[in-house]
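**Q** Sequences listed follow chains A and B, in order.
Per this note's numbering: the first sequence = residues 1 to 254.
Per this note's numbering: the second sequence = residues 1 to 300.
If you're looking for bench data, these hints aren't it; they were derived computationally from the structure.
Cβ coordinates follow ideal geometry from the N, Cα and C atoms, glycine included.
Fair warning: there could be bad hints in the mix.
Said to hold, decoys possible - FRET-style restraints, in silico, Cβ to Cβ:
(1) B:R202 x A:R149: 40 to 50 Å
(2) A:R206 x B:D198: 28 to 38 Å
(3) A:I15 x B:I197: 31 to 41 Å
Said to hold, decoys possible - Pulled a few chain B residues facing chain A out of the computed Cβ check, cut under 7 Å:
(4) G53
(5) Q73
(6) F87
(7) K153
(8) Y227
As the list claims (entries may be wrong) - Below, simulated DMTMM-like cross-link-like pairs (lysine to aspartate or glutamate); rule was C-alpha separation at most 20 Å, straight line:
(9) A:K78 x B:D198
(10) A:K6 x B:D275
(11) B:K209 x A:E213
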Amino acid sequence: MKTIEKAKVISNKFIDGNICDMVIECSRIAREAVPGQFAEVYPDNGVNILARPISICEINRIQGTVRLVFQIVGKGTKLFSQLRSGDTVRVLGPCGKGYELIEDVESTALLVGGGIGIPPLLETCKQLNCNKIAVLGYRSGSFLADEFREAGAKVFITTDDGSLGFKGNVVELIKAENISADIIYSCGPRVMLNALSDWAEEKDIRCLVSMEERMACGIGACVGCAIAIKEGDGFTYKKVCKDGPVFDSREVCR
Amino acid sequence: MNTNVDICGVKLKNPVMTASGTFGSGREFSELTDINKIGAVVVKGVAAVSWQGNPPPRIAEVYGGMLNSVGLQNPGVDHFIEEDIPFLRQYDTKIVVNVCGHTIDQYREVVKRLKGQDIDLLELNISCPNVDEGGMAFGTDPVMVERVVSEVKKEADRPLIVKLSPNVTDITATAKAAVSGGADALSLINTLTGMKIDVHRRAPVLYRKIGGMSGPAVKPIALRMVYEVCKCVDVPVIGMGGISNGEDALEFIMAGATAVAIGTASFVNPNAAVDTVRGIEEYMSRYGIEDISELRGIIE
Numbered sequence: 001m002k003t004i005e006k007a008k009v010i011s012n013k014f015i016d017g018n019i020c021d022m023v024i025e026c027s028r029i030a031r032e033a034v035p036g037q038f039a040e041v042y043p044d045n046g047v048n049i050l051a052r053p054i055s056i057c058e059i060n061r062i063q064g065t066v067r068l069v070f071q072i073v074g075k076g077t078k079l080f081s082q083l084r085s086g087d088t089v090r091v092l093g094p095c096g097k098g099y100e101l102i103e104d105v106e107s108t109a110l111l112v113g114g115g116i117g118i119p120p121l122l123e124t125c126k127q128l129n130c131n132k133i134a135v136l137g138y139r140s141g142s143f144l145a146d147e148f149r150e151a152g153a154k155v156f157i158t159t160d161d162g163s164l165g166f167k168g169n170v171v172e173l174i175k176a177e178n179i180s181a182d183i184i185y186s187c188g189p190r191v192m193l194n195a196l197s198d199w200a201e202e203k204d205i206r207c208l209v210s211m212e213e214r215m216a217c218g219i220g221a222c223v224g225c226a227i228a229i230k231e232g233d234g235f236t237y238k239k240v241c242k243d244g245p246v247f248d249s250r251e252v253c254r
Numbered sequence: 001m002n003t004n005v006d007i008c009g010v011k012l013k014n015p016v017m018t019a020s021g022t023f024g025s026g027r028e029f030s031e032l033t034d035i036n037k038i039g040a041v042v043v044k045g046v047a048a049v050s051w052q053g054n055p056p057p058r059i060a061e062v063y064g065g066m067l068n069s070v071g072l073q074n075p076g077v078d079h080f081i082e083e084d085i086p087f088l089r090q091y092d093t094k095i096v097v098n099v100c101g102h103t104i105d106q107y108r109e110v111v112k113r114l115k116g117q118d119i120d121l122l123e124l125n126i127s128c129p130n131v132d133e134g135g136m137a138f139g140t141d142p143v144m145v146e147r148v149v150s151e152v153k154k155e156a157d158r159p160l161i162v163k164l165s166p167n168v169t170d171i172t173a174t175a176k177a178a179v180s181g182g183a184d185a186l187s188l189i190n191t192l193t194g195m196k197i198d199v200h201r202r203a204p205v206l207y208r209k210i211g212g213m214s215g216p217a218v219k220p221i222a223l224r225m226v227y228e229v230c231k232c233v234d235v236p237v238i239g240m241g242g243i244s245n246g247e248d249a250l251e252f253i254m255a256g257a258t259a260v261a262i263g264t265a266s267f268v269n270p271n272a273a274v275d276t277v278r279g280i281e282e283y284m285s286r287y288g289i290e291d292i293s294e295l296r297g298i299i300e
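Here chain B stands alone, though its shape is the one from the complex:
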């Protein structure tokens, strides 16, 4: 049985990744799951310098999901290079670095610093809803998407995945813009903007009032968007949004995704990514599928 997938020349042993911001750089999960069994670890967003993040509360639970407004708190690219790359290289998995910035120059700065480092893929985060500058502000306007991607791509010495925001009317417009800008692959979806009010306190639960929604409840929306994007671009697509198990992952693969990522499910079950790999394998053996590619994009 072959579960290998190829993302822009990088061979993953299976199509299951972790979603950025839900797995740290793997350290916290290493005592609870086997990182060697995961196709790739997509690390939490890395900026040029350390970012403080948003004031708490940053988390709210909603029906079948959650809201977050962490705001990309991270210790910066130098810390990442010194601490996290050596840590992750102990494991048999690929390293995907999620790159964030408030300005095009800041994105470029991170990618420049990562040149020659021992990593496999870059993921450009132009879709975080929890920062005022950069993030989703770049990711919802196709003209801006193309410009940011082409500017960052100039500095990249690894294939560049562009992570798309679902907070748009037409996801295919930003998807095509990213590809014209030079994206080697696309990943989607980032979180959907959402809100929760505590009626007893008569106040929003999150300090920033609005946050990003994720979890099982967003899966149908994510799947629809992945399906639409796969129909309109030729680059590999990494599907995510509410995936918790093998069957969820297979829906995205049948919709056309080359790989998938496990996000919020890792908070619910730290072993969710590994369980998803096992679920895919069980499905393949049950239906006599020799190669995962036989299932990719089978939905017309």
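Next comes chain A alone, as it looks inside the complex:
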């Protein structure tokens, strides 16, 4: 069940360049949320009318908080970056369909994140009870990487500039390190997800991808956030906000 809450900002800080780490108190959303879902955060400034979909990075049911790690990409996210502890912000959630978590403790889950696609994989990593490998791709830097380690994952880092870890993209690293897995959880830029989906298909590994599209309502009513999903010989437009954001890579038209 989705709700709108006037969430209290508990903390908000920059963790890397233009990446913000904000914890908000919204107990009903925290109680319902599962890994891979997102929250709709409203700027409420009268000018930027639409909510910004932000993936949920961490869920704390006991404290009734969720953690949102987001990048400043425009006016809305800039505004959120300026919120201080004690401020309130209107949030709708939890939205969308999250990751389906495998139960088999013997199996290996591969978490693959690119840039601002990394945050939703952290809660996923925490809730998975199996062998975990995280391949995290950055332009530079390595935000959240330590927390994946603390959550029990073996972590590989790639950077575009080679300043840290492997120089190259995540799929190149997976191939170079000869990584294999029973299931893949991924989120990141479309080009990364496409390359990863190709690799997963070749290796016959189930791959869950979290997609992104411009959206208005976030609940499936406006039909704005269309994504082409295979159907028969053609395709049909599904809604990222409601049918996704997580899809099986084999369904998504590349």
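Let chain A serve as the given structure and place chain B on it in line with the hints.
**A** Just chain B now, kept in the frame of chain A:
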């Protein structure tokens, strides 16, 4: 206090409707708002067969509003009859079906299929800017408007509301044409055509480049058009365009609208329609208004 309004013999408990395409068929909003408190739900456009809609991106935010180019994606009239009518009938609200088509025959086909179905009103969408055939192509030429309306009206067994496009020089010309064609009521405005360019990518934000603008920023234009239309026709007018709260709604009612619709505001606040009803009631009690009709069209 009486907030009832009458649209062509259909009695709404209050003058607040949802605007087509902004509320689905109510399902998605049912966990976030109380549909029983809304005068009528105007459903998302229904075509004779399912429509795929336009490629993404379909949404862009603009100053005080948004652009959309969804292109009337919908699963078709059969799906609507099977799934959505029974769903909406669980609630104490009226059902208004927005009818879309690429050709006059397609509009007629939808209206024919809806004959005898458990719905209250029909709304003819001849004003969507996001499709190549039908939609706004029909709604901007008064001669065409009259023809489409009279052809569709022949098949209709419910009162027919005609939704007008604001993308014209003189809205009163298309309004009068719709009424001569047999429109029982008018609704306006649909979205205004608009555009946004991402200067960093040096490309339009929307796949189709041009979309329909809605939201608080269009309200003064919508209000002016509703005012003009109310002065020149005798049928009930449903006013919409940027309405977010009770005071916004009252502006349209004072300009002459019998009812109003909440559109984009439902994306900003899923409870916007219900909040608008409450806002109207608070205003009426504050100023001692017994009946909403006392406020209708009071602006000369």
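**Q** Taking the Cβ atom of A:I15 and the Cβ atom of B:I197, is their distance within the range 31 to 41 Å?
**A** holds (32 Å)
**Q** Can B:K153 be said to touch chain A, with a Cβ gap under 7 Å?
**A** Hint violated; B:K153 Cβ to chain A Cβ min 29 Å, cut 7 Å.
**Q** Measuring from the C-beta of B:F87 to each C-beta in chain A, is the shortest one below 7 Å?
**A** violated (13 Å)
**Q** Against the range 40 to 50 Å, how does the distance between the Cβ atoms of B:R202 and A:R149 compare: consistent or not?
**A** Holds, at about 41 Å.
**Q** Check the following: the C-beta atoms of A:R206 and B:D198 are separated by a distance inside 28 to 38 Å.
**A** Since the Cβ atoms of A:R206 and B:D198 sit about 35 Å apart, the hinted range of 28 to 38 Å holds.
**Q** B:K209 and A:E213 were given as a pair; does the straight-line alpha-carbon distance stay at or below 20 Å?
**A** Given that 20 Å is the threshold and the Cα spacing comes to 16 Å, the pair holds.
**Q** Holds or violated: the hint that B:G53 contacts chain A, with Cβ atoms closer than 7 Å.
**A** Hint holds; B:G53 Cβ to chain A Cβ min 5 Å, cut 7 Å.
**Q** For the pair supplied as a hint, A:K78 and B:D198, is the alpha-carbon distance within the 20 Å limit?
**A** holds (18 Å)
**Q** Would the hint on B:Y227 stand, with a C-beta cut-off of 7 Å toward chain A?
**A** violated (24 Å)
**Q** Given the hinted pair A:K6 and B:D275, is their Cα-Cα distance within 20 Å?
**A** holds (17 Å)
**Q** Have a go at the B:Q73 hint: is there a Cβ in chain A nearer than 7 Å to its own Cβ?
**A** holds (5 Å)
Hints 6, 7 and 8 from the list above are not met by this structure, while the remaining hints are.
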